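Got two chains here, each in a separate frame; can you build the complex from them with the hints?
If you read the sequences in order, they're chains A and B. Counted from 1, the first sequence has number 71 at position 59 by the numbering used here; the numbering is strictly sequential. Counted from 1, the second sequence has number 504 at position 170 by the numbering used here; the numbering is strictly sequential.
It should be emphasised that the hints constitute simulated quantities derived from the structure, not laboratory data. Heads up, some of the hints might be wrong.
Derived Cβ-Cβ restraints for the label pairs, each shown as a range [what the hints assert, rightly or not]: (1) A:Arg95 / B:His350: 52 to 60 Å; (2) B:Arg435 / A:Thr21: 56 to 64 Å; (3) A:Ala92 / B:Arg365: 21 to 29 Å; (4) B:Ala421 / A:Lys65: 28 to 36 Å; (5) A:Thr21 / B:Thr417: 33 to 41 Å.
Keep in mind it's a predicted model, so treat the numbers as computed, not measured. In this text, a Cβ means the ideal position worked out from N, Cα and C, and glycines have one as well.
Each chain, written out:
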Amino acid sequence: MTNVEDRKTELRELVAEVLEIEPDELTDHGDFVEDYDGDSLRAIELLARIERKYKIEIPQQELATMRDFDAVYAVTAGYAGWRS
Amino acid sequence: MRPGQRDVHRLLPHGHPMVLLDRVELLVPGRVVEASKAVTVGEPCFAGLDGNTPPEGWALPSSLLVESFGQAAVVLWQATQDTELSATGAIPMLAVIRRCRFLGRAYPGDVLCHHVELDHSGPNTAIVSGHTAVGQCTIAEFGELMAVTGNAGKAGRGNGRPAPSRANGNPTAEGALR
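This is chain B alone, in the form it adopts within the complex (with noise of 0.2 Å):
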């Protein structure tokens, strides 16, 4: 199964510019997800640098390749769910990220492939790992990421305005611990 970009986009409740996945290569609901994401220089971080800016400024911020990454996690975790959160209002958020390594550096003109495996999957929750590369090239490594959703009621993409901020970040968990 290969989704068009029309439901790489139906499944990720981003924006642009804060799409950071290109084309979805290989989608298994349930369990992997293989997607791909092109670095250009003409992104927004990218810019202000120029040609006094040393050759390890132009690599890729870290926190946007786990964003692209989880990006990845959100399309497989959607086509695993039963009911799209889009439908529900509720907003996937990465909540907790371990045992993450760094081996390298993306560029402009690198394409990023992430491989997502899909480890536990719950209404409210997801655990995912995996790796993204560059080429034959592995630049990260993910031992766990944990996505959870807060509901946002109808805010979300496609209605023009902005998703409420959620100014605590905290996930709902009413009740939890406390």
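For reference, chain A alone in the conformation it holds in the complex (with noise of 0.2 Å):
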């Protein structure tokens, strides 16, 4: 996986299955708490399972921001040193 749409479509997965849906259902902009249910636990299972995944570690402040998966994306990728 080194790709950005590689590195998406897995990072799609991780995200579609915290907040319970298919990965297509995940659109980019979709707003986590709007339009897909979610709250604050799910953002911590998230936030613990991209940690995880990526070994790497993510001040819980990033939630504030992370409500859609571009926003995730980008955490996740500046956080792990991706090129975008």
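As structure tokens, this is what we get:
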């Protein structure tokens, strides 16, 4: 997994599992709370799963910005050092 | 490393009768714990049962099996942290269970043997997996359990008072998503 699309596919599957939806239901800008019934617990689970999968640490404060898939990818890419 | 009973109780915030762990057999901080609990007929969950209770009625409730497994996970998580949660007033709470399968039941006289592996550990979250066996028979598999900490001030065991209730059960996650 090296290119952006592969990483996005992988990350989308991870996020979708936490939100308990199918990956193709998760759009780039769909709001986790408004559109997918997300809550604070799922947010924490999402953070923990991303940290575990990519062996990175993301401060909990970042959750405030991680409202949709695009933002989650941007934050994850930043801490994982992925080049876009 | 095999901690004694005192250490187990020090690492668990629970008090009697909710301590559902008897002994830690093996503890490797950051990696794995193996712990056991003997199921006995004197436990509160069996109160009120009698000779008319069908055999399956004597099975340990699955919720208590999960709780016991979760307590083993807390021991492992606590032993892994630099600062014990009790020192900060944080209380570990089970938040998410995924890919859990019950394959059998445990009855009075059985000994639950939990095998818990730490898959991820952060300051406020931990993810574990593992299984529970009775003898050679695996009775439950846990694909993923996630625990979070809720801060309850100075509450906790040892002060002779019950911990404040957390009516909404929400973990501390100010700003999360919203």
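(request) Hint by hint, work out which the structure violates, then give me just those numbers in ascending order. (result) Those not satisfied come down to hint 2.
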